[in-house]
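K.L.:
For the record, the sequence lines run as chains A and B. Counting from 1, position 73 in the first sequence corresponds to residue 73 in our numbering; the numbering is continuous, with no gaps. In our numbering, each residue's number is its place in the second sequence (first place is 1) plus 1000.
Hints are supplied without guarantee of correctness; some may be wrong.
[To be verified] Quick list of simulated restraints, FRET-style, between CB atoms:
id: 1; chain 1: A; residue 1: K18; chain 2: B; residue 2: T1012; range: 37 to 45 Å
id: 2; chain 1: A; residue 1: P39; chain 2: B; residue 2: A1017; range: 22 to 30 Å
id: 3; chain 1: B; residue 1: N1022; chain 2: A; residue 2: D59; range: 38 to 46 Å
id: 4; chain 1: B; residue 1: K1060; chain 2: A; residue 2: G63; range: 34 to 42 Å
id: 5; chain 1: A; residue 1: R44; chain 2: B; residue 2: Q1081; range: 24 to 32 Å
id: 6; chain 1: A; residue 1: E56; chain 2: B; residue 2: G1029; range: 15 to 23 Å
id: 7; chain 1: B; residue 1: T1020; chain 2: A; residue 2: Y10; range: 33 to 41 Å
id: 8; chain 1: B; residue 1: A1017; chain 2: A; residue 2: T113; range: 43 to 51 Å
[What the hints assert, rightly or not] Non-contacting residues of chain A with respect to chain B, defined by C-beta distances greater than 12 Å in every case (computed):
id: 9; residue: V4
id: 10; residue: K13
id: 11; residue: G16
id: 12; residue: F20
id: 13; residue: N31
id: 14; residue: Y35
id: 15; residue: V52
id: 16; residue: K53
id: 17; residue: G63
id: 18; residue: E69
id: 19; residue: S82
id: 20; residue: S87
id: 21; residue: L90
id: 22; residue: L115
Bear in mind the hints are in silico, worked out from the structure with no lab data behind them. The beta carbon of each residue, even a glycine, is placed where N, CA and C say it ideally should be.
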Amino acid sequence: DVKVTQSSRYLVKRTGEKVFLECVQDMDHENMFWYRQDPGLGLRLIYFSYDVKMKEKGDIPEGYSVSREKKERFSLILESASTNQTSMYLCASSLLQSSGANVLTFGAGSRLTVL
Amino acid sequence: GDSVTQMEGPVTLSEEAFLTINCTYTATGYPSLFWYVQYPGEGLQLLLKATKADDKGSNKGFEATYRKETTSFHLEKGSVQVSDSAVYFCALLSNTGFQKLVFGTGTRLLVSP
Chain A
1 DVKVTQSSRY
11 LVKRTGEKVF
21 LECVQDMDHE
31 NMFWYRQDPG
41 LGLRLIYFSY
51 DVKMKEKGDI
61 PEGYSVSREK
71 KERFSLILES
81 ASTNQTSMYL
91 CASSLLQSSG
101 ANVLTFGAGS
111 RLTVL
Chain B
1001 GDSVTQMEGP
1011 VTLSEEAFLT
1021 INCTYTATGY
1031 PSLFWYVQYP
1041 GEGLQLLLKA
1051 TKADDKGSNK
1061 GFEATYRKET
1071 TSFHLEKGSV
1081 QVSDSAVYFC
1091 ALLSNTGFQK
1101 LVFGTGTRLL
1111 VSP
């Protein structure tokens, strides 16, 4: 069964810590995405990548960075975690298509709490 | 910029009731439209999609029709089940620039026996 795997389902970190969220997909997808999900705000795009070593800012990139060294892996990095980054983080991937019917496959999410 | 507006929840229904969750959008050009569903403790999964005006997406008894004239993509189901309890997200995919999804805020559906 093809899937997107987020290595940590639940994390608790302290303010100022560096946090790594890992995401791996086994579908050979070109595109990968990081969203955060907050009640009343829906999903907001943090960063995305359409190729290895390529990255693009989404709508809320401040306080985050990403790394894509291999096609299957896309990491989200919080350089210095803050309490307002407490959230559910969702990774997704998709094929590089121009047809307009691009479907995202999501991981189960990583719930991060920053104390 | 592109945006999606969904009705606020929660929507509370009894089993076998009719469901409508409203979704309207603002976008330049002709976006593709999607409904995603998130069951408790899981990530999002695609429920249905429509890529052009008047298309009807359908899956698992759910339907939505792409209405360009009203910029809407309302989700409907004739008879809901307890197992349909979840959060439903409407989303659009712009056909200009890089293809990234824009999501609505989500609508929680609670179905009681």
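K.L.:
Does each hint hold? Answer for all of them.
P.N.:
Status of the hints after comparison with the structure:
| no. | hint | verdict |
| --- | --- | --- |
| 1 | A:K18 to B:T1012: 37 to 45 Å | holds (42 Å) |
| 2 | A:P39 to B:A1017: 22 to 30 Å | holds (25 Å) |
| 3 | B:N1022 to A:D59: 38 to 46 Å | violated (23 Å) |
| 4 | B:K1060 to A:G63: 34 to 42 Å | holds (38 Å) |
| 5 | A:R44 to B:Q1081: 24 to 32 Å | holds (31 Å) |
| 6 | A:E56 to B:G1029: 15 to 23 Å | holds (20 Å) |
| 7 | B:T1020 to A:Y10: 33 to 41 Å | holds (35 Å) |
| 8 | B:A1017 to A:T113: 43 to 51 Å | violated (36 Å) |
| 9 | V4 | violated (7 Å) |
| 10 | K13 | holds (21 Å) |
| 11 | G16 | holds (29 Å) |
| 12 | F20 | holds (19 Å) |
| 13 | N31 | violated (8 Å) |
| 14 | Y35 | violated (8 Å) |
| 15 | V52 | holds (16 Å) |
| 16 | K53 | holds (16 Å) |
| 17 | G63 | holds (20 Å) |
| 18 | E69 | holds (21 Å) |
| 19 | S82 | holds (23 Å) |
| 20 | S87 | holds (14 Å) |
| 21 | L90 | violated (6 Å) |
| 22 | L115 | holds (23 Å) |
The structure is inconsistent with the numbered hints 3, 8, 9, 13, 14, 21, although it conforms to all the rest.
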